[in-house]
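Based on these hints, arrange chain B on the given structure of chain A.
Those sequence lines, one after another, are chains A and B. Each residue of the first sequence is one higher than the last, beginning at 0 in numbering that gives the first Met the number 0. Each residue of the second sequence is one higher than the last, beginning at 0 in numbering that gives the first Met the number 0.
One or more hints might be untrue.
As the list claims (entries may be wrong) - List of simulated lysine-lysine pairs, DSS-like, C-alpha gap at most 27 Å:
(1) B/Lys107 - A/Lys277
(2) A/Lys13 - B/Lys211
(3) B/Lys237 - A/Lys13
(4) B/Lys211 - B/Lys81
(5) A/Lys38 - B/Lys107
(6) B/Lys166 - A/Lys38
Stated by the list, open to error - With the Cβ distance kept under 8 Å, some of the chain B side facing chain A (calculated, not the full set):
(7) Ser98
(8) Arg317
(9) Asn320
Claimed, not checked - Distance ranges between label pairs, derived from CB positions:
(10) A/Ser162 - B/Ser146: 33 to 41 Å
(11) A/Ile285 - B/Thr140: 37 to 45 Å
(12) A/Lys30 - B/Asp329: 39 to 47 Å
(13) B/His33 - A/Asp9: 33 to 41 Å
(14) B/Ser103 - A/Val229: 47 to 55 Å
(15) A/Arg193 - B/Met35: 36 to 44 Å
What the hints contain is simulated information worked out from the structure, not anything from laboratory work. No residue lacks a Cβ here, since even glycine has one placed at the ideal position from N, Cα and C.
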Amino acid sequence: MNTAKDDDWDIVIKPKEKGIHLHLKEVWRYKDLLYLYVKRDFISTYKQTILGPLWFFIQPIFSTLIFTLVFGGIAQISTDGLPPMLFYMAGVLCWNYFTDCLSRSSGTFMGNAGVFSKVYFPRLVVPIAGLVSAVLKMFIQLLLFFSIYIYFLFQGSPIGVNSYVLLFPLLITMMAGIGFGIGIIISSVTIKYRDLNILFSFAIGLMMYITPVIYPLSAIPAKYGALKWVIQLNPLSSIFEAFRFGMLGTGNLSWGGLLYSSIFTVVVVLIGIVTFNKVERRFVDIV
Amino acid sequence: MSNISIEFENISKQYRLGTIGTGTLTHDLNRWWHLMRGKEDPYLKVGEVNDRSIKATSDYVWALKDISFSVEQGEVLGIIGKNGAGKSTLLKILSRVTSPTTGSIKAKGRIASLLEVGTGFHSELTGRENIYMNGAILGMTRREIVSKFDEIVDFSGIEKYIDTPVKRYSSGMTVRLGFAVAAHLEPEILVVDEVLAVGDAEFQKKAIGKMKDVSQGGGRTVLFVSHNMTAVKSLCTKGLLLENGISTYSGSIDSTINRYIAGTRDSLRITNNVNQHIKTSEDNLVLEEIYISTNNEHGVLYIDEAFECCFKIDFKERIDNFNLSLSFCDEVGATVFVTTTAVVSCERGEKLFKCNIPANLLNTNLYSLILLLVKNSSQVLTRVDNALFFEMHEKGREGTYFEKFGGGIRPLLKWEII
Numbered sequence: 000m001n002t003a004k005d006d007d008w009d010i011v012i013k014p015k016e017k018g019i020h021l022h023l024k025e026v027w028r029y030k031d032l033l034y035l036y037v038k039r040d041f042i043s044t045y046k047q048t049i050l051g052p053l054w055f056f057i058q059p060i061f062s063t064l065i066f067t068l069v070f071g072g073i074a075q076i077s078t079d080g081l082p083p084m085l086f087y088m089a090g091v092l093c094w095n096y097f098t099d100c101l102s103r104s105s106g107t108f109m110g111n112a113g114v115f116s117k118v119y120f121p122r123l124v125v126p127i128a129g130l131v132s133a134v135l136k137m138f139i140q141l142l143l144f145f146s147i148y149i150y151f152l153f154q155g156s157p158i159g160v161n162s163y164v165l166l167f168p169l170l171i172t173m174m175a176g177i178g179f180g181i182g183i184i185i186s187s188v189t190i191k192y193r194d195l196n197i198l199f200s201f202a203i204g205l206m207m208y209i210t211p212v213i214y215p216l217s218a219i220p221a222k223y224g225a226l227k228w229v230i231q232l233n234p235l236s237s238i239f240e241a242f243r244f245g246m247l248g249t250g251n252l253s254w255g256g257l258l259y260s261s262i263f264t265v266v267v268v269l270i271g272i273v274t275f276n277k278v279e280r281r282f283v284d285i286v
Numbered sequence: 000m001s002n003i004s005i006e007f008e009n010i011s012k013q014y015r016l017g018t019i020g021t022g023t024l025t026h027d028l029n030r031w032w033h034l035m036r037g038k039e040d041p042y043l044k045v046g047e048v049n050d051r052s053i054k055a056t057s058d059y060v061w062a063l064k065d066i067s068f069s070v071e072q073g074e075v076l077g078i079i080g081k082n083g084a085g086k087s088t089l090l091k092i093l094s095r096v097t098s099p100t101t102g103s104i105k106a107k108g109r110i111a112s113l114l115e116v117g118t119g120f121h122s123e124l125t126g127r128e129n130i131y132m133n134g135a136i137l138g139m140t141r142r143e144i145v146s147k148f149d150e151i152v153d154f155s156g157i158e159k160y161i162d163t164p165v166k167r168y169s170s171g172m173t174v175r176l177g178f179a180v181a182a183h184l185e186p187e188i189l190v191v192d193e194v195l196a197v198g199d200a201e202f203q204k205k206a207i208g209k210m211k212d213v214s215q216g217g218g219r220t221v222l223f224v225s226h227n228m229t230a231v232k233s234l235c236t237k238g239l240l241l242e243n244g245i246s247t248y249s250g251s252i253d254s255t256i257n258r259y260i261a262g263t264r265d266s267l268r269i270t271n272n273v274n275q276h277i278k279t280s281e282d283n284l285v286l287e288e289i290y291i292s293t294n295n296e297h298g299v300l301y302i303d304e305a306f307e308c309c310f311k312i313d314f315k316e317r318i319d320n321f322n323l324s325l326s327f328c329d330e331v332g333a334t335v336f337v338t339t340t341a342v343v344s345c346e347r348g349e350k351l352f353k354c355n356i357p358a359n360l361l362n363t364n365l366y367s368l369i370l371l372l373v374k375n376s377s378q379v380l381t382r383v384d385n386a387l388f389f390e391m392h393e394k395g396r397e398g399t400y401f402e403k404f405g406g407g408i409r410p411l412l413k414w415e416i417i
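Chain A on its own, in the form it takes in the complex (with noise of 0.2 Å):
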């Protein structure tokens, strides 16, 4: 009989892993699949509408239009003396973005329910195709507002880019880091006790108003400190101000919040992977 280690082995299979494994290896081996995932989600997105790859710029004007007309003109919020076009633009676009990743990442099993209890290839490709076809629907709505941008420049509006903006990829990165983080560690808990979907669903919309999206950070009256504090704590505030501080040149860019948001990306990565390796093992049983 043989008596081979382990290691002449090619593929091991046992109840438990230990530790941390992304089998990133074997991610790379399936770059194709990534790539047909993130395809297969620009080209189903929009199949058989009119309209096509327009919607995806008709939705954020929308919103846009809508913020403007109602935070704007009606609550007449502040808007750090932008126009307010820009503004809720760029909060509306980021906000989606972080959304996105998140809805990707939470998805991530029960959407493919059927695929993973059919066929093995790493889970963590599915994911991460969810955070690419993100990025990649955040650059083409970046290119709408950047149309509306050069139109309120040649207006003389107050804005300018610095060299802040160079932290975008940093953003960009550490939104989908909580995104995927939290999404994750979302399905971990709603694949099993599908109470906490109701629940989370309606957190992730009420989240946003604890996010400087249709207001700057600095709109926020003294005397509501306890509100200050709860908006400070929440890791994506530093980074959608750092964002319009670096596009718009208006804001409030604080490095103290945002190493505390790299800290709680970090970390809340980690969870999420440590989460994910346990939940791909033993998802097919109870989803």
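Relative to the frame of chain A, chain B by itself:
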């Protein structure tokens, strides 16, 4: 040098019965509490043998229990067993879709599994796009798919629809496309779960032919689950029999299949007695007993010994002009021969019908009998399928050839050499 391709060591898989609800949360918390204190999972100790027909007494069940075996490279292993015996679970564990509760599997080379046809098809995408998607999900690289694309389309036979979304396909077309992609996988280890029963007769023939090519060329190791014994027999070289999650037999494919068939009949076997009396629709007779009578004590039937098949019938009224016939069928249900009584009439009361099977007529097969009572050569009074099962054995043989002789019968004929 050993060339073992896959090694299963004490593979077990536990499942929880019933739905997930509040009870699950308490179990989860209890399990977590035990594990936190460094103790063993309390629910691993419970769990019963997986027999779906018996009412469960615990919430946990072992779908597989201590499965150990190894598969050599190039071997085509047929895994057979009844529904719920654990075949698919075993393949799922090997495919890494789910993880074992205990034990380990080691394998050499890439594993591709075909547990379902058309996994990951997206209904909005066209056939062409889905070929790429499905191929990639099954582990092919883009380059591999591109090089085999034409072959795949050709095999599926749906070239005309290749640029139409899959949602417009008929279900047959979808499985054709799905199978076509999967059939062009080229892993070192291929795992196939009952997917050959797809498409129409023409496509099934093509699919089985393709599976044969895949399994016989290039030293590929194949694990194959199917209920189609003919397919298993013609594709596989070795067999593994699973019963209620336990591996009960492994050996050559023929002996495994025979064992399986004998096992499935065990549960409904009527060797010596009919317990429930079988009546006709008109209630004019009762089939009281069906049994085999032999002269030897051990009760084993040998091909060179005569025996009798007996049928005790209680006639409730006089029946005229009927005959009793017996069909002797082999493992797959094909009739080997039929024997009938003369046309007779019987008075009210019990009668025993004895059919003498002479020595040196039957072969070493499993036989099943169909009993038929026909009145006036046309009206079927009663028909009992599988009225009797029995297996014929052989007492050993001279010479060096010990394999089974073929054929439904094995008469001893007189030879002359002049």
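A quick look at each hint next to the structure:
no. : hint                            : in the structure
1   : B/Lys107 - A/Lys277             : holds, 25 Å
2   : A/Lys13 - B/Lys211              : violated, 31 Å
3   : B/Lys237 - A/Lys13              : holds, 25 Å
4   : B/Lys211 - B/Lys81              : holds, 24 Å
5   : A/Lys38 - B/Lys107              : violated, 33 Å
6   : B/Lys166 - A/Lys38              : holds, 18 Å
7   : Ser98                           : holds, 5 Å
8   : Arg317                          : violated, 63 Å
9   : Asn320                          : violated, 59 Å
10  : A/Ser162 - B/Ser146: 33 to 41 Å : violated, 49 Å
11  : A/Ile285 - B/Thr140: 37 to 45 Å : violated, 32 Å
12  : A/Lys30 - B/Asp329: 39 to 47 Å  : violated, 53 Å
13  : B/His33 - A/Asp9: 33 to 41 Å    : holds, 35 Å
14  : B/Ser103 - A/Val229: 47 to 55 Å : holds, 49 Å
15  : A/Arg193 - B/Met35: 36 to 44 Å  : violated, 26 Å
Hint compliance for this structure: hints 2, 5, 8, 9, 10, 11, 12, 15 are not met, and every other hint is.
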